[in-house]
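If you read the sequences in order, they're chains A and B.
Going by my numbering, the residue at position 186 of the first sequence is 186; the numbering climbs one at a time, nothing skipped.
In short: position in the second sequence from 1, add 282, done, that's my numbering.
Hints in this document: simulated from the structure, not taken from any laboratory.
Using N, Cα and C, we set each Cβ at its ideal position, and we do this for glycine too.
Careful: at least some of the hints might be erroneous.
[Stated by the list, open to error] Computed footprint of chain A on chain B, listed as stretches where at least three residues anywhere in the stretch have a Cβ under 8 Å from a Cβ of chain A:
hint, segment
1, 370-381
2, 393-400
3, 403-411
4, 418-432
5, 453-461
6, 467-475
7, 530-538
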Amino acid sequence: MATHTANHDHSARQRLLRALHYAAVVLLIFLLLTPLIAFLFNAFSFRWFYPQLFPTELSLRAWESIVAANSKVPEALWNSTILAVAVTFSSVVIGLPAARALGLYKFRGKRIIEFLIISPTIVPGIAVAMGLNINFIRWGLAGNLLGVGLVHLVPVMPYVVLTLAGVFANYDPDFEQQARSLGAGTLRTFWHVTLPAIFPGIVVASLFAYLISWSQYILTFLIGAGQVITMPVLLFSTASGSNNPLIAAMSLVFVAPSILILVLTARFLSGKSSAIGGFGQL
Amino acid sequence: MTFWDRWRIPIMLAPTLAVIVFLFLGGLAYGTLVSLGWQPIIGRTEISLRAYHSIMFSEQYAAVFWQGLALTIWVSVGSTVISAMLALATALLLRRTFIGKRLATFLYQLNLPVPHVVAAIGILFLFSQSGLLSRTGAQLGLFDFPRDFPVLVKDKFGIGMILSFVWKEVPFIGVIVLAVLQSLGVDYEDLARSLGANRWQRFLYVILPLVMPGLLSGSILVFAFTFGSYEVPAILGVRFPRTLTVTAVRFFRNPDLNARTEGMAISVIISIIVFFLVLGYMWLSRRTVRQD
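This is chain B alone, in the form it adopts within the complex:
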């Protein structure tokens, strides 16, 4: 066995692993150290859970943290569930053969390369109190002034954020589901139909189990992204409650370097929550899909 034979695979993997290990894992590990109070630059080298305790239980930060966590979970779970359902429905809509299908499918995918910053601004243009929807309502005589229109963006329930995520993620999950549907053809359904299955039964017992893996993997990506997303809540959020990412970045940008410890602790908590929820979700979905 030559040197090349023995070391070929490690050498091929090395450049990519260097990026992952030094930049990704290194960043995470150093960040975790900072969250534990390690900041030699300002002479702090003791390790403690003080920052975690402070953000979760101190009078000053507890409300910011827990309400922020609740908002973050509400927005990310809400956006993921709504997007997944609408993605399935719209993929089924576009799957049928009809005149103009190519154009419709093209327009459906048009917002895929649109970044979330732009999506958030678009939602602002559409749903703010003087936005297009409010103006349409005013033309129809429903409102006289912008203030009559309900607060749908920069609202404390995160409606604007959910709208913006749903707009972005429906075509995203939809394209994945549509690809699965198109590769299946209609054979399975024809078979089910010949066995006497009605429309609803064909959907529930034939289509749904087949598209489930694609639907679930798309939803995992959407959930992980929305949970850790910064731009959308920063543009469409309010001062209280703020999502955890926005709070973390605010702590981090504080000129007082001590605040970085708290900021880092929140990011570590975000990462841990996302990581375990995604693992649990994958485990659960694997079981459900197998049962079907």
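Only chain A is shown next, with the shape it has when bound in the complex:
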């Protein structure tokens, strides 16, 4: 009889704990999602007076002004996309050989090289961009996409190289030797042997290169000198106004591609990847 009561108490306590756990998870997710829900409310609201909790009048005005003829959003989207694609592609091409060297070989001064490559993640970007600004003006690189893209490489390179070096650390270069001994040239070997093996790493590296470039505000602002309008630059200047529906709609347009890309590439991503640190730089 006594044991029966003890068991009963035990399972009641278990049930209570499980209920508390669920409540905590629901609260956590709610708190994390409310700011995002606030964007949806604002983006479709019209004359949303205090103290109404939900907008009573819905409107597509903000969205109409985004696609209107005088809207700067299409230009900003175009600039952001061009930049992110170019930065992603060039950072992978530039970083791939270095990642291979760091992942496969031991050599003198390796730790110093690694430290150098990681250092842009620690030093704030404004110091770098301010220092480059004057010289970029002199070299004709300020106020255009080329200059802005070059500066975006600084925060992007550490994550691309780290991610790819991690892949090369578990890579067996003997397969390349075998392909070559069977008569494959350098390009064919790379295309058919190396690339498939490191593909997941390239996906993750590209994801972070794209996200960091796409979200970059201060470097674009300081080097673009007001001439290069990207989505974050446009959003930032809109946010200093008071048109909440427009600010919200623009924010949604800005984050939608990032969230979509994350969802599509999530299966290549693990929390143990060193690249995950890239999320902290957005």
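On the provided structure of chain A, position chain B as indicated by the hints.
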């Protein structure tokens, strides 16, 4: 030894190092020169610490600098500590097996790709005096007017900035910790349990030491980022005090090119502080982790 054998590694490293050396180190070095008064464009070539002295000790700028420094340290240290603790707690929450775990974990990570500009705006929508929280309070009869709601954004204590950083960084550190927890499995804890360790002891002596390296490395990145971040304090800050980054950018954008010297000096100070705090933190954490 052929040419290729000897030079292979330097050649492979060259493109990446070119970016780091010319753009990153070059930018920093030239910026440091500017902060020392070097601006040949406007005919200034003498090197001095005048700008550093001016921002730290002149009557005009001393308060802006020191109060700005205090705010910057408060916001970055506060955000990092709160985020790290909540990240650990929420990672432990999501680690247990429960129905809907996959969905919960997915939603937990949803804000990772959201940029800080957007995070700051979201906090504005939520916590401003006419924001969602204030409206909820009004519905419950707590407030009659927006002005009754406490000032939580664009406030001089940086509460809005901390809220925005915490919202962004909890899942960021949490995902790192969660990955460590999942790779550990439950073996260590089962062992500790069989040796008679209670829940608290298992947390303190088994889980905490194992997740510590991940927790610390995530926190370093968060601290370095929040200290040098511009968007969040620019959107959620007040006129006085301003964080150091916001002050630096204001100096830099001044049409008077002489002000660039001061702006650059502040960025150099920010970089030096972050660099040494991160180095010290790494050194300290390595010692603590080893002791465990």
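How the hints compare with the structure:
With a threshold of 8 Å between beta carbons, the proposed coverage of the segment 370-381 of chain B by chain A holds, since 5 of its residues qualify and at least three are required. Under a criterion of three residues with beta carbons nearer than 8 Å to beta carbons of chain A, the stated coverage of the segment 393-400 of chain B is upheld, 8 such residues being counted. Proximity of the segment 403-411 of chain B to chain A, defined as three or more residues with a beta carbon under 8 Å from a beta carbon of that chain, is established by the 6 residues found. Counting residues of the segment 418-432 of chain B whose CB lies closer than 8 Å to any CB of chain A gives 6, so the stated coverage by that chain holds, three being the minimum.
Closer than 8 Å: that is the beta-carbon criterion, and the segment 453-461 of chain B has 6 residues meeting it against chain A, so the requirement of 3 holds. By the rule of at least three residues with a Cβ nearer than 8 Å to a Cβ of chain A, the coverage given for the segment 467-475 of chain B is violated, with 0 such residues. Counting residues of the segment 530-538 of chain B whose CB lies closer than 8 Å to any CB of chain A gives 3, so the stated coverage by that chain holds, three being the minimum.
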